[in-house]
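There are 2 protein chains.
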Amino acid sequence: MAKNVSDKHGFKGVETISSSSSCQSSSSPRSSPYVHEVGVPLKQNLLKEIAAAVKETLFADDPLRHFKDQPSSKKFILGLQAIFPILEWGKHYNLSKFKGDLIAGLTIASLCIPQEPQYGLYSSFVPPLVYAFMGSSRDIAIGPVAVVSLLLGSLLQDEIDSSANPVGYRHLAFTATFFAGLTQFILGFFRLGFLIDFLSHAAIVGFMGGTAVTIALQQLKGLLGIKKFTKDTDIVSVMSSVFSSARHGWNWHTILIGISFLIFLSVTKYIGKKQKKFFWVPAIAPLISVIISTVTVYATRADKHGVEIVKNIRKGINPPSVKEIFFSGQYAGKGFKIGVVSGMIALTEAVAIGRTFASMKDYQLDGNKEMIALGTMNIVGSMTSCYVATGSFSRSAVNYMSGCETAVSNIVMACVVLLTLALITPLFEYTPNAILASIIISAVVGLVDIEAVTLIWKIDKFDFIACMGAFFGVVFSSVEVGLVIAVSISFAKILLQVTRPRTAILGKVPRTATVYRNIQQYPDATKVSGILIVRVDSAIYFSNSNYVKERILRWLADEEEHVKENSQPRFQYLIIEMGPVTDIDTSGIHALEELFRALQKRDIKLVFANPGPVVVDKLHASKFQELIGEGRILLTVADAVRICYSKMELEP
Amino acid sequence: MAKNVSDKHGFKGVETISSSSSCQSSSSPRSSPYVHEVGVPLKQNLLKEIAAAVKETLFADDPLRHFKDQPSSKKFILGLQAIFPILEWGKHYNLSKFKGDLIAGLTIASLCIPQEPQYGLYSSFVPPLVYAFMGSSRDIAIGPVAVVSLLLGSLLQDEIDSSANPVGYRHLAFTATFFAGLTQFILGFFRLGFLIDFLSHAAIVGFMGGTAVTIALQQLKGLLGIKKFTKDTDIVSVMSSVFSSARHGWNWHTILIGISFLIFLSVTKYIGKKQKKFFWVPAIAPLISVIISTVTVYATRADKHGVEIVKNIRKGINPPSVKEIFFSGQYAGKGFKIGVVSGMIALTEAVAIGRTFASMKDYQLDGNKEMIALGTMNIVGSMTSCYVATGSFSRSAVNYMSGCETAVSNIVMACVVLLTLALITPLFEYTPNAILASIIISAVVGLVDIEAVTLIWKIDKFDFIACMGAFFGVVFSSVEVGLVIAVSISFAKILLQVTRPRTAILGKVPRTATVYRNIQQYPDATKVSGILIVRVDSAIYFSNSNYVKERILRWLADEEEHVKENSQPRFQYLIIEMGPVTDIDTSGIHALEELFRALQKRDIKLVFANPGPVVVDKLHASKFQELIGEGRILLTVADAVRICYSKMELEP
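Top to bottom, those sequences are chains A and B.
FYI, UniProt numbering numbers position 559 of the first sequence as 559, with every residue one higher than the one before it.
FYI, UniProt numbering numbers position 286 of the second sequence as 286, with every residue one higher than the one before it.
Treat the hints loosely; a few may be bogus.
It does not matter which identical chain is meant; a pair holds if it fits inside one copy or across any two.
[Claimed, not checked] Straight-line C-alpha distance at most 20 Å; calculated EDC-like pairs for lysine to aspartate or glutamate:
{"hint": "1", "residue 1": "LYS304", "residue 2": "GLU561"}
{"hint": "2", "residue 1": "LYS74", "residue 2": "ASP62"}
{"hint": "3", "residue 1": "LYS48", "residue 2": "GLU429"}
{"hint": "4", "residue 1": "LYS461", "residue 2": "GLU49"}
{"hint": "5", "residue 1": "LYS75", "residue 2": "GLU308"}
{"hint": "6", "residue 1": "LYS48", "residue 2": "GLU480"}
{"hint": "7", "residue 1": "LYS323", "residue 2": "ASP449"}
{"hint": "8", "residue 1": "LYS605", "residue 2": "GLU630"}
{"hint": "9", "residue 1": "LYS605", "residue 2": "GLU561"}
{"hint": "10", "residue 1": "LYS55", "residue 2": "ASP558"}
{"hint": "11", "residue 1": "LYS311", "residue 2": "GLU429"}
{"hint": "12", "residue 1": "LYS68", "residue 2": "ASP558"}
{"hint": "13", "residue 1": "LYS48", "residue 2": "ASP303"}
{"hint": "14", "residue 1": "LYS68", "residue 2": "GLU559"}
{"hint": "15", "residue 1": "LYS315", "residue 2": "ASP161"}
{"hint": "16", "residue 1": "LYS461", "residue 2": "ASP449"}
{"hint": "17", "residue 1": "LYS458", "residue 2": "ASP617"}
{"hint": "18", "residue 1": "LYS75", "residue 2": "GLU88"}
No lab work stands behind these hints: they were computed from the structure.
Bear in mind that the values here come from a model prediction, so they are computed numbers and not experimental data.
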């Protein structure tokens with residue numbers, strides 16, 4: 001009685017067979033005259049299948065859709081525009097947009113200047129310029145970023161001592177920057193951008209918080225004017241270093257300057273937070289602090305009283321550094337390793353920031369294209385004396401709030417930095433180190449996001465563990481350890497999900513004819529007498545196939561005991577709802593075969609409901625479908641129950 | 001009009017609200033007067049939740065269920081029986097069972113004797129004895145196994161050259177064996193046995209095949225009587241070594257003996273395969289070969305003509321070796337590393353074999369308990385001059401086919417080996433090495449399982465890649481490389497599934513009222529005008545949250561284009577079928593929020609159908625439920641469609 005419906009799409013469609021039971025009242029499970037058996041889809045072409053899988057994995061966003069059906073000259077222009085998005089948005093650029101960009105650019109430039117002098121400024125000049133031409137985010141502000149700089153610094157310091165061998169240190173830094181850029185470029189070019197998705201939101205929150213604490217602690221050196229300071233970054237070493245130097249090492253002039261400006265910066269921050277229209281107050285405060293403190297120190301010659309100042313600062317723009325990159329020798333490998341790690345972290349931050357602002361202004365960001373832009377920018381940077389640069393969250397937020405329209409704000413910023421480097425750098429000679437410390441401390445404490453942590457705790461306990469692991473790993477050990485902990489916990493979570501998928505017993509939800517759901521979620525749902533209905537909530541792979549088989553047998557054993565106690569009829573059918581089983585591999589098929597044999601010994605028949613196309617295909621290829629017999633794969637649980645019921649009547 | 005149903009299980013149950021639409025004909029989507037909204041389950045106790053998760057992960061098989069409600073004396077006995085299962089099955093042991101075990105034991109002992117003399121025999125004596133008391137498999141035969149021995153040998157050789165420093169080599173071997181046992185014991189004790197599930201069936205098939213080829217190639221040394229032979233195991237080195245010694249290095253007497261017995265063994269194997277009742281012929285053939293060849297060599301004094309013989313073989317049972325284990329010094333760490341790797345591989349093989357035979361005789365095997373038994377056996381083994389022992393597939397199969405009933409067959413085998421060691425070992429002095437080579441070759445070629453590979457190709461292409469990767473990795477490089485390739489590919493597959501979950505557009509299956517399915521699988525299914533229904537087929541985690549969000553938006557963009565071309569009404573609702581979404585984390589919630597905002601801009605409303613309890617809970621905890629508005633989470637897609645339809649009527 002089977003009627004096969006074939007169609008041009010290459011699937012055999014739904015087979016419809018009329019069941020042997022007669023039409024009864026609509027509340028009975030035997031109401032409909034139809035049950036729907038699932039047919040085997042026609043074999044797909046293997047190459048096509050692989051191509052589709054590759055496309056979905058690497059080109060999920062279909063980046064070439066605009067190139068379709070275009071003449072080749074148009075394709076060339078589109079290609080150029082794909083590499084340099086400025087060619088596209090530049091066409092619609094106008095004065096009113098420039099006004100927004102100018103203000104935003106000047107504001108973020110004022111944030112740039114008071115940072116680690118020399119290399120900090122160098123890295124705020126070339127990379128933003130390159131990014132402006134190649135990047136597609138309109139809001140991101142490029143420059144050296146605390147987290148990445150700290151990570152890079154600590155990794156470099158492990159290899160070469162910066163005070164003992166400053167030239168070697170610098171060479172290694174450029175080498176690492178080069179490879180960081182190369183890593184980013186390659187990831188983007190081969191469209192492997194999805195790899196950075198493996199750093200979870202929770203891990204990033206914890207990692208950022210821990211790094212913020214570590215950076216803040218490091219600044220105690222400058223803030224307290226301590227001369228002898230530990231090279232370690234963990235909280236125990238730093239605090240013991242701070243307190244052991246309390247008697248002789250602290251400089252009270254330095255502390256006075258540092259603390260008073262820290263209070264000033266905190267007050268401006270508070271004002272900016274309370275009154276949205278004064279958002280520019282905290283943004284401009286660092287620059288004001290630098291100017292006032294520099295003038296004060298110069299006027300009072302406080303540097304004679306032990307207040308450390310920046311001192312040697314070279315005038316002029318970035319010198320070339322191509323020759324300083326190691327491409328061979330013992331440090332090339334080390335630079336490569338450091339570059340890969342810091343490049344990945346920098347990427348994660350930039351893409352996360354880019355996505356955040358893109359979703360706020362509702363435009364799409366191609367992560368892979370962004371990576372190519374960031375990579376190119378760091379490769380060029382490594383050749384012009386820059387350290388690894390990336391998108392800075394705090395500066396991007398200021399950029400956005402100051403009304404930036406396009407990446408031109410980055411160009412404006414770069415120009416201001418250029419002028420600073422070319423003309424006024426020596427003026428910063430008298431800037432006290434303490435002021436840089438207070439600016440950094442006031443900036444990073446905002447990275448400890450208590451609110452986000454609370455929300456993570458509420459939503460997902462496992463995420464919370466990852467978050468705390470990253471935080472304490474960074475604070476008590478090092479940035480690398482925190483990173484490894486965060487990634488491991490996140491992976492463990494995925495593996496746990498894959499190894500121990502959920503399973504559930506289903507029952508019929510009251511006042512419905514065909515809805516079968518988890519009886520733990522819907523305690524009103526009623527089990528069907530003589531039939532056990534189980535749902536497996538995951539693809540069945542080698543990592544869970546044994547568990548799934550044994551879990552189903554345990555459900556059966558538990559339920560059989562329960563049935564025996566209540567002297568109800570024994571189970572004759574086991575229905576597995578396969579809806580969520582998106583895929584199955586050879587180990588999974590083996591597990592199902594073992595399950596089938598175990599059931600056979602107990603005289604229980606196996607029925608599948610609602611398997612997807614891939615699973616049906618594999619059940620067929622493995623001849624498992626033949627093994628369990630005809631008519632055992634059905635469209636819905638309700639159909640399966642109806643069929644089982646009708647057969648149970650015939651053979652009681 | 002909402003009616004909340006609370007019950008004692010702590011769930012708020014299903015809220016049922018009557019929809020505003022009136023009752024119409026039964027084929028319309030608005031037929032039923034009820035739609036079912038999903039309520040928020042009451043908050044579970046956090047500790048209970050964690051305890052449940054731990055139980056499901058580590059104690060999925062509920063090992064303590066028998067201990068429930070028992071007096072403490074009974075509990076003690078049950079505990080003893082849990083550690084030494086022999087105490088349990090020993091009670092029911094009888095003569096008829098012993099008959100089966102005796103025959104099987106003698107048969108497998110005859111397989112044991114003709115193997116690598118001395119340490120091979122030592123390892124066939126103590127470990128099977130220990131296992132017989134602690135193991136719960138009735139069919140497994142314990143002893144040294146080709147794959148593990150080869151792996152162990154190659155790892156040891158990398159550290160210490162066995163010919164240059166045989167004492168150090170032996171010490172390291174016992175150290176590795178000790179740590180292999182410890183690893184197995186610890187994995188079992190802490191119930192981490194599920195970790196070995198990560199070696200997939202496909203990877204094992206490839207790995208075994210590759211190892212078989214490698215072992216067979218190694219035996220060319222003995223079979224051809226070559227004296228100078230490479231230490232490398234890859235096919236290129238071995239073959240060049242074989243051919244470079246073709247002119248002077250091959251010994252024709254040796255080849256004659258080796259090849260003729262290889263033919264003899266192959267013929268017996270063929271007979272055993274063709275005629276089930278002659279299964280014992282191939283089983284007994286190795287012993288016969290050894291006896292005949294030894295006598296022949298002794299009679300003809302072929303060893304004077306360059307036929308290599310075993311020569312120095314010590315009489316007596318295993319000497320103690322506790323003092324030969326390194327617990328400190330440079331080799332302790334190396335021994336530990338080697339032990340962990342070979343212990344894991346040995347475990348994988350033993351558990352796989354145990355499970356196979358357990359499912360054939362339909363009894364349950366506790367993987368973790370098995371690991372404790374195997375671990376103890378190897379720890380004891382390492383102290384009595386044994387190398388890593390495990391379950392051998394070929395010998396277990398012979399054991400099973402010879403009619404073994406319990407682990408007593410292992411005891412019988414151990415006794416025979418004991419007698420061999422104590423009395424007749426010196427008789428094997430004249431056994432030609434070539435005969436051992438032909439026995440090993442004839443045994444391992446069976447491990448190349450072409451049939452299994454064909455099936456893997458048919459079922460799962462990714463599995464096939466893992467299988468081939470393992471095979472060629474082992475053959476062309478080394479056992480370790482093959483292992484790393486297999487594990488990496490298997491993991492990549494899991495990660496790919498987690499990173500790129502399937503999504504599908506659903507349509508209503510014809511001749512059903514409420515069944516919505518993937519329109520690619522069921523091309524007859526019809527889309528609902530004005531409503532896009534999408535199903536996400538995986539938990540939404542950090543690793544896929546961005547992809548899921550962007551994929552749904554792309555489905556929407558594609559469908560909107562299609563709708564526009566056909567001038568159909570625009571989409572007003574997006575329904576996401578959440579049935580397969582078993583879990584969601586903070587990154588997932590963020591992605592849904594971004595999706596919601598993107599839809600808001602397009603004036604499309606978001607509705608969820610059929611989320612599981614965990615997801616409902618988290619949507620609530622994150623206040624996402626409040627964000628999307630009331631009545632947007634429904635029991636089924638059909639309910640959701642009905643609600644959307646009725647609202648679309650009110651606000652056209």
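Exercise for review: If the cutoff is 20 Å on CA atoms, where do LYS68 and GLU559 land: within, between, both or neither? Let me know, please.
Suggested key: between (58 Å within a copy, 18 Å between copies)
Review point. Quick one: LYS458 to ASP617, C-alpha cut-off 20 Å, is that within a copy, between copies, both, or neither?
Key: between (41 Å within a copy, 10 Å between copies)
Review point. Which holds for LYS55 with ASP558 at a C-alpha limit of 20 Å: within a copy, between copies, both or neither?
Key: between (45 Å within a copy, 16 Å between copies)
Check your understanding: What label fits LYS48 with ASP303 when the C-alpha limit is 20 Å: within, between, both, or neither?
Key -> neither (72 Å within a copy, 62 Å between copies)
Review point. Is the C-alpha distance from LYS315 to ASP161 at most 20 Å within one copy, between copies, in both cases, or in neither?
Key: So LYS315 and ASP161 fail the 20 Å test inside a copy (25 Å) and across (62 Å) alike.
**Study point:** Alpha-carbon proximity context of LYS68 and ASP558, limit 20 Å
**Key:** between (58 Å within a copy, 15 Å between copies)
Check your understanding: For LYS605 vs GLU561, is the C-alpha pair at or below 20 Å within one copy, between two copies, both, or neither?
Key -> Within one copy only: 18 Å inside a chain, 47 Å across chains, cut-off 20 Å.
Review point. Within a copy, between copies, both or neither: where do LYS605 and GLU630 come within 20 Å Cα-Cα?
Key: within (12 Å within a copy, 43 Å between copies)
Review point. 20 Å Cα cut-off: does LYS323 pair with ASP449 within a copy, between copies, both or neither?
Key: Neither: 42 Å inside a chain and 56 Å across chains, both beyond 20 Å.
Check your understanding: When no copy is named, should LYS48 and GLU480 be tagged within, between, both, or neither for a Cα gap of at most 20 Å?
Key -> Classified as neither; 42 Å inside a copy, 34 Å across copies.
Practice item. Can you give me the call for LYS304 and GLU561, within, between, both or neither, at a CA distance of at most 20 Å? Key: neither (88 Å within a copy, 72 Å between copies)
Review point. Given identical chains, is LYS74 near ASP62, meaning Cα to Cα at most 20 Å, within a copy, between copies, both, or neither?
Key: Close inside one copy (18 Å), not across copies (66 Å); limit 20 Å.
The structure shown violates the earlier hints numbered 1, 3, 5, 6, 7, 13 and 15.
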